Amino acid sequence: MEAVGLSSISKSYGDFTAVSNLSLSIPKGIIFGLLGPNGAGKTTTIRMIVRITVPDEGAVTIFSQQLTPKMQERIGYLPEERGLYKKMKVREQLLFLAGLKSVSAQEADKKIKYWTERLEISNWLEKKTDELSKGMQQKIQFISTILHSPELLILDEPFSGLDPINANLLIEVIQELKKSGCTIILSTHVMEQVEKLCDEICIINRSQKVLDGNLKTIKREFGNNRIALAVEGDSSFLRNSPFVENWTEFLHHIELDLCEGVDSQQLLRQVIDSGVRVTRFELVEPSLNEIFIKKVGKSNE
Amino acid sequence: MSKLSLVVKREYLERVRSKWFLIGTILGPLIMSSFVLVPVLVEKLSSPNVSIAVVDASGDPELITKIEERIKSEKTRGKYQIEHKSARTEEELEELKSVLKGQVEERKIQGYLVITPSVVTKGVAEYYSKNVTDFSTNRYLEDVITRTVVEKRFNQTGLDPKRVEELSKRIKLTTKKLSEDGSKEDKGQSFLLAISLMMIIYMMTLIYGITVLRGVIEEKQNRIVEVIVSSISPTELMLGKVLGIGLVGITQFLVWSLFIFAIPSLAGSMLVGVASAIPDVSISLMIYFVIYFVLGYFLYATLYAMAGSIVSNDQDANQVQTPITFLIVIPMLLIQVVLRDPNSTASTILSLIPFFTPLLMFLRINIETPAFWQIGLSILLMMASIFACAWIAGKIYRVGILMYGKRPSIPELLKWLRYT
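The listed protein sequences correspond, in order, to chains A and D. In terms of the numbering used here, the first sequence opens at residue 1 and continues consecutively. In terms of the numbering used here, the second sequence opens at residue 302 and continues consecutively.
Careful, some of the hints might be misleading.
Chain D is faced by these chain A residues, among others (derived, beta-carbon under 8 Å) [what the hints assert, rightly or not]:
| # | residue |
| --- | --- |
| 1 | Gly14 |
| 2 | Ile52 |
| 3 | Pro69 |
| 4 | Met71 |
| 5 | Glu81 |
| 6 | Arg82 |
| 7 | Tyr85 |
| 8 | Lys87 |
| 9 | Met88 |
| 10 | Phe96 |
| 11 | Lys101 |
| 12 | Tyr114 |
| 13 | Met191 |
| 14 | Gly213 |
| 15 | Lys216 |
| 16 | Ile218 |
With the Cβ distance kept under 8 Å, some of the chain D side facing chain A (calculated, not the full set) [as the list claims (entries may be wrong)]:
| # | residue |
| --- | --- |
| 17 | Ser532 |
| 18 | Ser534 |
| 19 | Leu703 |
| 20 | Lys707 |
| 21 | Arg708 |
| 22 | Lys716 |
If you're looking for bench data, these hints aren't it; they were derived computationally from the structure. Given the structure is predicted, the values throughout are model-derived calculations rather than measurements. Heads up, the beta-carbon is just placed ideally off N, CA and C, and yes, glycines get one too.
Input sequences plus hints: build the corresponding full structure.
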């Protein structure tokens with residue numbers, strides 16, 4: 001089943017096109033990475049999914065239904081630029097935000113207790129928000145987006161400002177939520193976290209989609225021509241090899257890209273024939289970071 | 302609870318619980334009542350005894366005695382104490398003056414009064430004191446001497462002062478306000494009340510309008526607004542804010558009214574005369590007050606909310622609020638026009654301009670109630686403008702709260718109106 005469906009949505013502000021003709025289908029129950037450089041149109045896309053703004057053209061469906069105000073109650077949203085009321089007590093603040101999602105005070109109380117304990121911040125419930133550190137506020141904000149047990153959770157840079165311990169705690173919670181059936185859209189610039197968490201990704205650049213699909217498939221597609229190689233002996237002959245395109249030397253190994261149409265076995269034969277001893281010969285997947293840079297860079301040319 | 306009422310409740314509680322609300326609500330009436338109470342108290346408490354030396358250099362002991370008796374006996378209830386001195390020659394007078402000057406320096410007496418024969422002929426007397434700005438004493442002395450001298454002049458011309466006083470008695474004009482429930486004596490208290498209520502509308506619109514503006518900017522600055530509009534529509538948020546803050550204003554007004562009616566009755570026994578200065582508050586006056594206060598607040602609060610949504614810092618906020626604040630202040634400058642002739646064409650037109658209506662129409666109703674169709678029309682026009690402003694403000698607000706950085710230009714704002 002589909003959690004989010006975008007069919008050719010466009011949005012522009014005056015002469016500036018924020019999103020143009022974007023189509024996406026996000027299946028239910030996965031973690032979806034929405035990636036792109038700054039100003040690519042991610043925030044606008046997210047805002048259209050949570051119905052803060054409406055697309056000029058195209059349609060947004062959530063769980064195969066038209067997006068209505070009532071549907072907003074099934075979505076949790078943690079914006080990138082976020083904050084809390086400074087002078088309000090943490091508990092009141094959480095109750096208020098849960099109330100806006102139609103959670104009863106009783107239900108909200110239970111949830112607040114559970115989540116503040118889970119995220120180790122329950123001692124701060126009666127404090128005013130401006131007494132909390134940035135990381136603590138971050139956790140409170142995260143809790144405020146899940147108090148109504150959303151079926152779709154959108155997290156924009158959820159890890160910024162968190163120390164590694166709290167970041168890991170958050171990763172655990174996100175994975176738990178996924179297990180419980182929640183669909184999660186994660187927008188971040190930290191590619192390692194995307195690699196760890198996301199099932200599918202989409203890269204947007206300059207208001208347009210440049211790549212989307214299953215992360216593993218994407219990596220496999222990108223990863224069929226890169227080889228990590230380690231040899232005992234002189235490997236400089238490889239620089240002149242007709243099979244090799246790029247060449248990067250690391251401390252203990254070399255990474256090289258094969259020219260198009262070249263089979264890795266051809267290279268292996270050349271290496272063996274040259275008489276050096278091969279200690280490592282491995283097809284490697286490129287990191288998401290590289291894919292990102294490659295894709296975004298290309299579309300900017 | 303509906304989402305709108307949650308926003309209203311949050312806005313209301315946050316402000317009512319703040320210490321500024323407490324201070325404003327309690328200090329407000331204290332300051333207001335101090336305008337009335339302090340002068341009365343000061344008058345009662347300050348300098349219970351004023352010693353004055355009266356120097357008789359007129360050679361007319363009878364006149365001096367009369368003056369002295371008048372000073373002591375009349376309504377001052379022993380405030381003034383008299384020390385009688387007399388000087389027969391110029392030298393004696395100069396000597397006496399220097400002695401008395403010393404006494405003034407030592408604060409034994411507050412001053413000394415020198416009466417020479419010219420008091421009758423030229424009508425001049427001299428009062429020497431370190432404090433010549435004690436106007437109540439100055440005026441009192443002047444009054445007492447004048448009356449005594451005038452009496453003497455009458456006697457000299459063979460007229461009976463009592464008879465003259467009877468014949469030349471001033472006419473007292475009592476003003477009575479005509480209204481539906483008959484005519485009542487009115488010494489201008491009802492006018493004062495109307496002006497005060499108008500000032501309250503003015504102040505509250507300004508103060509709470511700016512509170513709305515600050516509230517919108519605060520939500521933008523601490524970035525919570527994006528979270529909230531992912532749960533409710535921006536229009537609901539704006540409406541909730543305006544309603545919540547409006548309720549704070551009404552709460553404050555209710556507390557104040559309690560004070561206004563409680564303080565005089567509490568202090569009434571102590572301060573005769575103050576309680577009677579509070580006129581009967583007619584129910585229709587209060588109804589008009591509520592109507593124009595609520596309408597005025599809504600009109601301006603939506604404008605302030607719109608202004609707040611298009612800026613992201615306090616400097617810009619000051620710039621965008623100025624034109625709105627102007628609109629509130631202008632009718633204050635037009636009060637004279639209305640007072641001079643409340644039913645002139647100018648007054649009628651001005652009071653029908655929705656931005657001026659809350660103050661000017663309310664004032665007109667209190668001076669000389671205009672034709673009912675005018676009141677009705679003013680209310681209709683205001684409601685129409687509130688809808689129009691709220692519609693425009695809502696559109697701008699929706700876009701503005703998510704925009705940061707440079708303040709948009711007017712053409713940009715017009716474009717915002719067309720965004721979906």
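Results of checking the hints against the structure:
no.	hint	result
1	Gly14	6 Å, holds
2	Ile52	5 Å, holds
3	Pro69	7 Å, holds
4	Met71	11 Å, violated
5	Glu81	5 Å, holds
6	Arg82	5 Å, holds
7	Tyr85	6 Å, holds
8	Lys87	7 Å, holds
9	Met88	7 Å, holds
10	Phe96	5 Å, holds
11	Lys101	6 Å, holds
12	Tyr114	20 Å, violated
13	Met191	25 Å, violated
14	Gly213	28 Å, violated
15	Lys216	31 Å, violated
16	Ile218	30 Å, violated
17	Ser532	4 Å, holds
18	Ser534	7 Å, holds
19	Leu703	7 Å, holds
20	Lys707	14 Å, violated
21	Arg708	16 Å, violated
22	Lys716	6 Å, holds
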